[in-house]
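Chemist: Using the sequences and the hints, build the whole thing.
Under the numbering used here, the first residue of the sequence shown is numbered 5, with each subsequent residue one higher.
It cannot be assumed that every hint is accurate.
Only pairs whose alpha carbons sit at most 25 angstroms apart, straight line, appear in this in silico DSS-like list of lysine-lysine [stated by the list, open to error]:
#1 K231 x K86
#2 K316 x K86
#3 K322 x K16
Just the calculated beta-carbon pair ranges, DEER-fashion [to be verified]:
#4 W403 x K231: 50 to 56 angstroms
#5 R224 x W8: 21 to 27 angstroms
#6 L104 x R246: 42 to 48 angstroms
#7 L23 x H118: 39 to 45 angstroms
#8 F19 x R445: 24 to 30 angstroms
Derived by calculation from the structure, the hints in this document are not laboratory data.
Every residue, glycine too, gets a C-beta built ideally from N, C-alpha and C.
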Amino acid sequence: MSLWVRETSFYKSFFRLTLMIALQNVITLGVNLSDNLMLGGYSEPALSGVALANQIQFILHMLVMGAAEGLVILSSRNWGAKNMEAIKKSASIGMRIALLVSIVMWMIVFLFPHACMSLFTNETRVIAEGAQYLRIICFSYVFFAITNVLLATLRSVEIVRIGFIVSLSTLIINVCLNYVLIYGHLGFPKMGVSGSATATLVARIIETVIVITFIKRFDRRLMLKLKDFFRIDKELFRQFLRIGSPILMANALWACAMGAQSAILGHMGESAIAANSVATTVFQLVTVITYASASATAVIIGKTIGEGHVSKIITYSKTMQMLYVAIGLMTGVVLFITKDYVTGLYSISADAKTLAVQFMTVLSITVVGTAYQMPALTGIVRSGGDTKFVLYNDFIFMWLVVLPASTICAFVLDLSPLLTFICLKCDQILKCFVAIVKVNRFKWIRTFNTDSRPADSQETMAT
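Modeler: In structure tokens form, the structure reads like this:
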């Protein structure tokens, strides 16, 4: 069987979805980059405090995205089957879960901001700046959840341009408000990290309004109504939990693991915190195409199964793996070439800049592994129906290998931040070996109407 798909429609769909989602992601990350650059020029404790506070936002992000990914898997299959009512019911379930998560997170952060920051560092100035940021930014959590569930619902039926428009508006609003509120321009008070948080909160509210307006006034495909979110199908809810709960658990474990990684580096000093913030932000910016390819894969695989063309998925997955490797190599080159230029944009200490360059050098290598294994596992395997595998895989690598080894490196062996960082990122290469075997055995293709049993033949897969 050929490694390359010969259908022009496949490439058009894959690259169109990937490009639009990548543009949305790059603009979204541009918001974080603008925060980092402006706060980096304000003070290093402010930059470090907000960077660690955003780890809590990252936990919320992963949990909301867990609900959204479960929604996309179900809805994209129903989109292939042209079952619009099931898509609306799935959106209702995803929205309820995301809102529950965001409200719980808001309560915890609002009531215990200093305690939340103390989980990541013992630097007093960093904790104070981060807590000040959290008291305001936590009010954006509910708006963030609503927007992302609605965008995921639209993405599952291949409506992706609105996500780009929303992200662009958020970037413009956030940058303009950051300029006037952080430094006190145009007659506004100088608010520092509070100004950054206020800018982001306003941007989140406006993006929610834009998405709702689009759905109400311009969408003619889904035609979602408010009443749709008050309906729930018990059988579909059970199916959503069966498919989505492993994704939620995997994302929660991953988010906590990222927080633990930041905590490990956070206890190695302000320079390590600032360097990690710079390196991670730039890494996220240059890997938008990788994460977009995973999202595009989920829609294509789900839709193809829903259409009943499951036999095509073997060729699709082989072609996608080749595309992932090409994306990873290009991303690694870009990250390596730009690392020295990027650090010059930040007003941080010389030690922090040196560490940031070293961290980005490591990432320029491990990103090749990330670009392959992440979309292969979360895009192909997970959207194919085997949602539990990623949960088990992440738990073993992150919680039984990476974090224990990194903790020993940092606190027992007292190794440098660079060596500790290498240990923290080694799983991105190790997971590739697992991904190659898992994807190419093709036992991850599941049909939900057959009790999620793996399809052993084309005939079974097409049921």
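Chemist: Taking the hints in turn, state whether each one holds.
Modeler: Outcome of the hint check:
{"no.": "1", "hint": "K231 x K86", "in the structure": "holds, 21 angstroms"}
{"no.": "2", "hint": "K316 x K86", "in the structure": "holds, 19 angstroms"}
{"no.": "3", "hint": "K322 x K16", "in the structure": "holds, 17 angstroms"}
{"no.": "4", "hint": "W403 x K231: 50 to 56 angstroms", "in the structure": "violated, 42 angstroms"}
{"no.": "5", "hint": "R224 x W8: 21 to 27 angstroms", "in the structure": "violated, 35 angstroms"}
{"no.": "6", "hint": "L104 x R246: 42 to 48 angstroms", "in the structure": "violated, 18 angstroms"}
{"no.": "7", "hint": "L23 x H118: 39 to 45 angstroms", "in the structure": "holds, 42 angstroms"}
{"no.": "8", "hint": "F19 x R445: 24 to 30 angstroms", "in the structure": "holds, 27 angstroms"}
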